[in-house]
Amino acid sequence: MASIGINGVSKVYQGGVSAVNSVSIDIADGEFIVLVGPSGCGKSTLLRMVAGLETITSGNVTIGGRVINDVDPADRDVAMVFQNYALYPHMTVYQNLAYGLKNRRTPKAEIDARVAEAARMLEIGQYLERKPRALSGGQRQRVAMGRAIVRKPSAFLFDEPLSNLDAKLRVSMRGEIKRLQRRVGTTSIYVTHDQLEAMTLADRLVVLSGGKIEQIGRPLDVYHKPASTFVASFIGSPAMNLVKAELHGSKLAIGPAIVDLGSSVPTQGAVTLGIRAEDLHVTMPGEDGLPFRVDYVEELGSQRLVHGMVGDQVLTVALSPEIELSEALSLGVSPSRLHFFDVEQGTRLNWTAAACPPSAFPPATPVAGAVL
Amino acid sequence: MHRIKFLDHVVLLAGVFIMVAPVVIAFMTSTHEAADIHRNGLSLTWGDHFVATYDKVLTNEGGFTGKITGARMIMNSMILGIGFAAGKIVLSMLAAYAIVYFRFRLGTLLFWMIFTTLLLPLEVRIVPSYAVMTGLGLTNTYTGLIVPLLASATGTFFFRQFFKSVPEELLEAARIDGAGPFKFFIDVLVPLSRTMMAAIFIIMFVYGWNQYLWPTLMTTDESFFTLVRGIKQILLVWVGSNIPDYNEAFALAILAMLPPVMIVMIFQRWFIKGLTESDK
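From first to last, the protein sequence lines stand for chains X and E.
The first sequence lines up with residues 1 to 372 when you count with the working numbering.
The second sequence lines up with residues 373 to 652 when you count with the working numbering.
Rather than coming from a laboratory, the hints here were simulated on the basis of the structure.
We put the CB at the ideal spot given by N, CA and C, even for glycine.
Errors might be hidden in some of the hints.
[What the hints assert, rightly or not] Here are a few chain E residues that face chain X, going by a calculated C-beta distance under 10 Å: (1) L416; (2) G419; (3) G459; (4) A470; (5) R547; (6) P563; (7) L585; (8) L589; (9) D593.
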């Protein structure tokens with residue numbers, strides 16, 4: 001068990017393609033870090049550089065304080081779980097688990113003990129004599145994790161380990177990975193493109209885009225305070241609504257509607273406004289709100305996602321199925337739930353809502369120049 | 373439907389007849405006496421000289437020097453066939469391993485260069501090859517018989533394709549598990565290639581067994597003669613007023629057929645697996 005330091009690490013492939021761009025992450029001992037981002041964002045490359053399967057172009061990686069840039073993968077004291085499991089097809093489960101230990105000349109008795117322990121932990125004891133092809137996807141994934149556990153490494157590296165499983169199994173394996181990591185307490189780096197997996201597993205999330213870190217933070221911090229429009233649209237399902245708006249004084253104009261935010265506003269002029277679908281609600285009769293034309297509805301059972309337009313901008317609202325829908329709705333939102341982003345940079349503009357915020361949009365009386 | 377099924381069987385039976393009949397005729401004829409064959413031609417009935425003929429072919433010392441027996445020729449053919457097939461597998465696996473897993477400069481260019489030269493049949497380079505072997509003093513040795521034929525484009529290509537289809541993660545997992553290049557080859561690639569090896573072994577064994585031109589050139593000492601050469605030799609030896617020993621030639625031909633047939637039957641299951649299934 002050890003802490004991992006990733007200090008200004010970059011990867012430039014031959015031909016000048018830059019996959020990872022000066023990334024720094026400090027990972028504490030025993031922490032579960034999830035690297036998340038769309039495909040091609042460099043998350044796997046970063047993990048493979050930590051594993052030693054890719055060379056590091058610049059910067060350095062330390063494990064337990066030791067710089068391991070030029071250390072052979074076998075000597076880095078890490079274990080990796082692959083997306084396609086990468087079990088040795090001709091070896092039995094036992095041999096698969098024992099292979100890494102055998103190569104390290106671990107005594108036979110010790111191997112037996114460790115394999116038995118891992119098998120008990122993962123409940124694969126009865127399959128030890130089987131070949132991987134006689135196992136189901138979930139069992140293979142357990143064996144792959146077992147192969148990592150028996151080594152008792154300083155760090156686990158997971159490369160999208162659940163992507164090949166069906167949806168139901170993925171949910172239960174997710175829970176198991178989390179429990180297992182808690183139990184053995186090994187520092188872990190986990191790569192996924194699934195934001196749900198990232199949210200549920202991580203102690204801390206690292207959102208990557210285009211080889212750069214967009215945000216590092218605890219899942220709920222990232223969810224509630226996305227650092228950029230990219231993070232806002234990537235984390236959370238449905239994605240956060242991002243609409244064009246304008247700030248004038250303490251007033252916010254969204255299309256035809258205007259809201260008074262109280263005193264403090266982060267900036268003036270055009271902004272990108274972010275609203276989570278679940279933060280919007282249908283206003284009470286008599287209450288003022290944002291005029292919303294319903295386009296189509298997705299029924300999810302526990303809630304329904306209503307897609308529609310505010311002015312000429314698309315908006316998604318998560319509503320309880322009990323609420324009756326009509327062609328046109330009026331939506332309200334608490335100002336403290338509003339997120340502001342810079343129009344050009346997409347970066348978050350921090351602000352604090354006024355202590356006693358108005359809960360709905362006042363009637364549409366456009367301010368001069370505020371027409372969007 | 374029924375009609376088509378019946379026709380299918382007719383076609384299949386005709387095929388079987390065409391394939392098997394010559395073998396049956398050769399075998400039946402070999403059980404007759406030479407004079408009998410000379411008088412009556414090929415025969416479809418069982419003669420009474422089965423034991424005598426085969427015993428003579430296998431144990432009687434013949435040839436110019438009167439020292440070579442059929443059993444000896446079978447052994448020579450076995451050594452050539454097995455050595456040839458095994459050597460080819462080892463060599464082409466190693467070559468393919470280097471080409472697929474080691475990034476060296478001009479690797480692809482080298483592969484295609486080797487590949488194109490190996491596509492040339494032996495006959496094209498037979499004179500220079502013979503000159504080299506004579507220069508090394510390797511005529512009339514098993515080494516000289518086998519080694520010049522070992523480089524194989526087909527084998528290298530087969531294994532190259534196979535290694536390329538092995539998932540890269542397997543190599544990465546092995547690297548993290550502490551297996552070096554040699555260990556990875558022995559512990560992972562070789563066991564995974566078993567069916568491929570069986571398939572190539574069959575093809576190469578039959579190919580080596582049936583070699584005629586190269587052994588004819590390389591061996592002048594009769595104790596190195598292979599079966600395929602021996603058959604020819606029998607018909608050449610008895611000249612003049614003697615009746616050629618047709619029965620012995622047929623018997624040798626039948627004997628020459630047996631080992632490849634057995635090899636194919638033994639390895640058949642793996643052979644089909646190796647060519648069709650990628651056991652990963």
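Hint check:
no.	hint	verdict
1	L416	violated, 50 Å
2	G419	violated, 51 Å
3	G459	violated, 24 Å
4	A470	violated, 20 Å
5	R547	holds, 5 Å
6	P563	holds, 4 Å
7	L585	violated, 40 Å
8	L589	violated, 42 Å
9	D593	violated, 44 Å
Of the numbered hints listed earlier, those contradicted by the structure are 1, 2, 3, 4, 7, 8, 9.
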